[in-house]
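Asker: Let chain Y serve as the given structure and place chain V on it in line with the hints.
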Amino acid sequence: MSYFVQVAIDALSLGSLYALAALGLGLIFSILRLINFAHGDFITIGAYSLIVPSASATAAFFIGAWHWYAVVLAVCIVVAMFALLADNLVFRWVREATPTTLLTASFGVSYLIQNSVLLIYGARPKAIDLWPVLNSQLSVAGLRIPLLQIVTILTTLALVTVLTFFLKFTSAGIQMRAAASDFTMARYLGVRADRVIALAFGLSGVLAAVVSLLFATQTGSLSFNMGVPIALFAFVATVVGGLGSLEGSVLGGFSVGITMTLLQALLPISLRPFRDAFAFGLILLLLIFRPSGLVRASALVDRV
Amino acid sequence: MAGDRLQGFSRIARGASTPLLLIALVALVTVSGTVILPAAKQFALTEMLVMVVIAVGISIFISNTGIISFGHIGFTCLGAYATAWMTCDPMWKSLMLRDLPSFLADSQYPPLLAILLSGVWAAFIAGIFGAAIVRLSGIAAAIATFAFLIIVSSVYSNWGDLTAGTSSIINIPTFITPPIAACFAAAAIIVGYLFRASRIGLMLRASSDDVIAAHASAIPVLRLRLLAMILSAFVAGSGGAIYAHFVGILSPDNFYLSMTFITLAMVVIGGIGSLSGAVVGVIVVTIIVQVLRLFETGVLLGSVAIKLPNGSQEVGLAIAWILFLIFRPRGILGGVELCLPARAWAHRKMLSSHLVSAADTPRS
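Sequence lines, in order, name chains Y and V.
Numbering (this note's numbering) for the first sequence: 1266 to 1569.
Numbering (this note's numbering) for the second sequence: 68 to 431.
Bound conformation, chain Y alone:
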């Protein structure tokens, strides 16, 4: 029983990270049809903004040394700025291109960010110790649960709730949903396209920033491509959940997290190194039998 609870909490906390990242991808995709491959690199930027830029082997805290809510605020602002910058410098110039070209463009942005980080900070991974208190363990009824997992799950619940509230009940949120379901029509009806897009990139950046903080606390190390695996799984989560549907992104994120944890727990030891291969194999299978994912977004169905 206690083993089961442990695995369930592992699954939920991993799923939370993927859900947050997938939500960040989904927000932009639903409006612009852009799968932002560089989302993972926004996560990397968030983590690196904690330390002083230098190529030295040891990391000295910059933003990371501040009070915790100043850290959260500052990292969110930094990553959101970078997301807006990426939009202004690159994505806005290819707005009308096909989704495939957009994906290709974001692949280029990703490569650019990774190698810029490499250029500035050096190739060696750097150890950091952000919020050590979160890495302590909580003893509840004979279970030892890392505090960070609880914080991750609660943060995700809170963010998803706030975002849902924002999208359902505020004017800006309703405009975003309108833009997501039919961008052209929404513009006819007076939705300001550039504002909605900027908002989407900003929110996506904030979500990436939160993921970067949780992830950096968990792993305790920084590397120039640390965000890539999260982004790859978040990609998959958005596809599994159904591209273009925000509920689908969250659902997909949790399904991917749960699948990965179950594979880790259930695969025989000799096969465990191939966990990613199994996970992506399952995804291929899912895509074949349900190409539009778990939640079908009506706006994406091609009409003839």
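To be clear, the hints were calculated from the coordinates, so they are not data collected in a lab.
There's no promise every hint is true.
Stated by the list, open to error - Partial pick of chain V residues on the chain Y-facing surface, computed with a CB cut under 8 Å:
{"hint": "1", "residue": "VAL102"}
{"hint": "2", "residue": "LEU104"}
{"hint": "3", "residue": "ILE135"}
{"hint": "4", "residue": "GLY205"}
{"hint": "5", "residue": "ALA209"}
{"hint": "6", "residue": "VAL222"}
{"hint": "7", "residue": "PRO245"}
{"hint": "8", "residue": "GLU381"}
What the hints assert, rightly or not - Below, a sample of chain Y positions facing chain V; criterion: calculated Cβ distance under 7 Å:
{"hint": "9", "residue": "PRO1364"}
{"hint": "10", "residue": "THR1365"}
{"hint": "11", "residue": "LEU1368"}
{"hint": "12", "residue": "LEU1552"}
Every value quoted in this text rests on a predicted model; they were computed, and no experiment measured them.
Even for Gly, the Cβ is constructed at its ideal location relative to N, Cα and C.
Answerer: Chain V only, in chain Y's frame:
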């Protein structure tokens, strides 16, 4: 009548001029590179020619089906390792690659046969995975090819007794020199051209323009796409095998996002819609990369020493990629094939009038 026949003949002759021009271009670059470059720098030339094979392989799929693939480096990886399994010293294999089946572990195959068989192996796997991938379209297909790349990379990185993992396979017989690589590049160009000019290639391009009309015209879209995938995996896989015989040492990390980016950059910058685009793209990207690499080691311009920090090469390439996507999204050649001048001009004129309605890239 005689005039018609003459016209028809000259049309075919001009069409066939594409592979000849491309091969001439490759030969020109090879010869001038061999003459100009010092011996120590010739590896860049060979690398470029090997990349032509891989890029043409990728282009066979992308340019004909219109589906972007992030997964072809997976096929390159399959091919590279397959040839290593076949050609390495059996003593070393029995020591390091304990999971190899005996027909591979105990014998050594001649390298040319090994390259061919490596391509066949990649094509075989493409037949299996491709059957899944070609059912999807657009974004979902791109993601599925990505999933394939990750699966290959994950299996090859972790199955140490088959691939020696991160400790690398070493001592693969190396024999690829610029002229040999140029021959392989020419062969790849001919394969790519024949497929493109064939009925199948035409039907595929028609279905990438309008898949519903293609279905309605009884074109078996999925089967043809699968065929393109298999052929392109064969070429990209053989390219991987040639790469293995060029560098002599393999690690699974060689075949992941970085090589995917470089090869896609070549195909995209050259022009995603044509075979010539892939070849020209390889040459242009190689020149960009080599110039940046030169500046990384330091250059004297007059009395000023210019030295870019390490990593500028990748950053520069990424910036070039983004600028191309913004200002020339159809690449240097814009989807046109190189051919004899008169026809190229007429072709482009036809294409540009065609594109006005297709609204290439109006910017907001």
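Asker: Next step is simple, just say for each hint if it's right about the structure.
Answerer: Consistency of the hints with the structure:
no.: 1; hint: VAL102; in the structure: 33 Å, violated
no.: 2; hint: LEU104; in the structure: 26 Å, violated
no.: 3; hint: ILE135; in the structure: 5 Å, holds
no.: 4; hint: GLY205; in the structure: 6 Å, holds
no.: 5; hint: ALA209; in the structure: 6 Å, holds
no.: 6; hint: VAL222; in the structure: 5 Å, holds
no.: 7; hint: PRO245; in the structure: 28 Å, violated
no.: 8; hint: GLU381; in the structure: 4 Å, holds
no.: 9; hint: PRO1364; in the structure: 5 Å, holds
no.: 10; hint: THR1365; in the structure: 5 Å, holds
no.: 11; hint: LEU1368; in the structure: 6 Å, holds
no.: 12; hint: LEU1552; in the structure: 5 Å, holds
Hint violations for this structure: numbers 1, 2 and 7, all remaining hints satisfied.
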